[in-house]
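S.K.: Use these hints to put chain F onto chain Y, whose structure you have.
Protein chains: 2
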Amino acid sequence: MKKMKTFAKIGEIKTEIKRQRAEGKSIGFVPTMGFLHEGHLSLVRESLRKTDCTVVSLFVNPTQFGPQEDFEDYPRDLERDADILEKEGVDVVFVPDQNEMYPQGYKTYVEVQDLQDKLCGSSRPGHFKGVCTVVLKLFQIVDPDTAFFGQKDAQQALILKRMIRDLNLSVDIDVLPIVREVDGLALSSRNVYLNAEERKAALCLIKGLKQAEQMIKKGERKSSQIIQTIQQIINSEPMARMDYVEVVDLDNLDPLDKIEREALIALAVYVGKIRLIDNMIVILEE
Amino acid sequence: MKKMKTFAKIGEIKTEIKRQRAEGKSIGFVPTMGFLHEGHLSLVRESLRKTDCTVVSLFVNPTQFGPQEDFEDYPRDLERDADILEKEGVDVVFVPDQNEMYPQGYKTYVEVQDLQDKLCGSSRPGHFKGVCTVVLKLFQIVDPDTAFFGQKDAQQALILKRMIRDLNLSVDIDVLPIVREVDGLALSSRNVYLNAEERKAALCLIKGLKQAEQMIKKGERKSSQIIQTIQQIINSEPMARMDYVEVVDLDNLDPLDKIEREALIALAVYVGKIRLIDNMIVILEE
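Chains Y and F are the protein sequences, given in the same order. Residue 107 is where the first sequence starts when you use our numbering, and the numbers rise one by one after that. Residue 107 is where the second sequence starts when you use our numbering, and the numbers rise one by one after that.
None of these hints come from the bench; they were simulated from the model. Among the clues, some could well be false.
[To be verified] Here are the simulated DSS-like cross-link-like pairs (lysine-lysine), alpha carbons at most 30 Å apart as the crow flies:
hint, chain 1, residue 1, chain 2, residue 2
1, Y, K267, F, K213
2, Y, K124, F, K115
3, Y, K267, F, K267
4, F, K115, Y, K235
5, F, K108, F, K235
6, F, K120, Y, K156
7, Y, K235, F, K379
8, Y, K115, F, K235
9, F, K267, Y, K213
[Claimed, not checked] Part of the chain F face toward chain Y, derived, beta carbon under 8 Å:
hint, residue
10, Y212
11, E217
12, L221
13, K224
14, I247
Ideal Cβ positions, reconstructed from N, Cα and C, are used throughout, including at glycine.
Excised from the complex, chain Y in its bound form (with noise of 0.2 Å):
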């Protein structure tokens, strides 16, 4: 097994990859809060597979947590995170503390207007400046090739990809397909926190999302109708609450009428008091 290399400095791991760089090779990243499963883990194998050096960050960033959420109690487990990283064949992990990344006297944030304000941005007010923040920050550090995200977090993705085009960045976006356990309910370092029951009702997602699809496939086509099928699934399950649910533009996340050729259906959901997400898009077949 190589040996995986690990930095919490910032200008311990430039130097690093200023060497890897050096030698030619490719640099792939995979940005995470840590806490890994298997959605991150496609992540870093596809990074293994397309890139020569895959860097990992293992960093629960404040900036994109609200007053009121969940940043104290979001899932830490540095030591096992990163045993698995090493077990993937990572060649650098970099686990830096929130002093290395928000020294005293920080003052700089990014934004992406508009679009940070839609779907989860509503609820979530400030979120997606501390997520572009904290990845252009990562991306001056790692200086990638080619970063990869999932799609579980489609807005967040979509945000990126228009940040890394606004600002000119010299790195690609690789967006990878939502990760699922075998009953359907989307992998996410929260779930963790779902008891029994919960984590039963939480399926009231991936329910809505088929039902949705099925809807789709025998022509329905208006999002209203959709919205509202959906929403009766989620509110017949009473341990749930909705946040939203909508039917969108895949590029300007603009709510759509009705689906013409493409369209991101996407939903926030408490459960208890976890807040899940996950989303679908639909593409029509002509």
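M.R.: Chain F alone, transformed into the frame defined by chain Y:
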């Protein structure tokens, strides 16, 4: 005379820079809004002296002008600028148009909170957000080892340094002294718009700073006294209208009650319709 290369497209200049880097050359960068004067040229010459490949951008950046400001009227003469730069021996010139830098659907902005609201920021809301955004973009495009800025825009230099530190950018900043006319007027592209009378009146800025320097030499330490003296000099010039004069901390731009070790004395004055700025760094010897 070596042949200067000119690019208007981001993709093309990125390829050129990559080629230069592959040859092991260091990249120096001087971002400008064009209509070059000796102030700009002092930056260009320092870059030529210190780095292997000097890149100069000429771009009047719309996002750093307020709606009531002089974006349309800002002086431009690309042909003259290119001539000057070629004679200096510059390697690469970048002259993008607005649509290249801010294409349809552009949404991403960078800001350095707090610092952007002080001094010039309070009379030019949004100005430094525009500056940070365009400079970050240019840094991603040009990928310089060192970028050169003038001390005349003291707040800009400070904010950009903070942005670079906060976002972990791999670029050094060199800030070079203010270049002045023989009578002391700080060089500015906007000086061209001063008529003969205004040109004379514009000397009140340097007169104020010189007077402050004398007072401090004689032992004055109280900011209120220094500010009052400068204000009197500005106010005694009928064509001049004070925007601000402040004595501030060199790091965070907070107002100082008195000068203990070092300070920035900064002022902005309207002469006719033209807004001029000037400043002086004070460092007390023990």
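S.K.: Now tell me, hint by hint, if it's right for this structure.
M.R.: Here is how each hint holds up against the structure:
no. : hint            : in the structure
1   : Y/K267 / F/K213 : holds (11 Å)
2   : Y/K124 / F/K115 : holds (27 Å)
3   : Y/K267 / F/K267 : holds (26 Å)
4   : F/K115 / Y/K235 : holds (29 Å)
5   : F/K108 / F/K235 : violated (37 Å)
6   : F/K120 / Y/K156 : holds (23 Å)
7   : Y/K235 / F/K379 : violated (38 Å)
8   : Y/K115 / F/K235 : holds (29 Å)
9   : F/K267 / Y/K213 : holds (11 Å)
10  : Y212            : holds (6 Å)
11  : E217            : holds (6 Å)
12  : L221            : holds (6 Å)
13  : K224            : violated (12 Å)
14  : I247            : holds (5 Å)
The structure fails to meet hints 5, 7, 13 from the earlier list, while all remaining hints are met.
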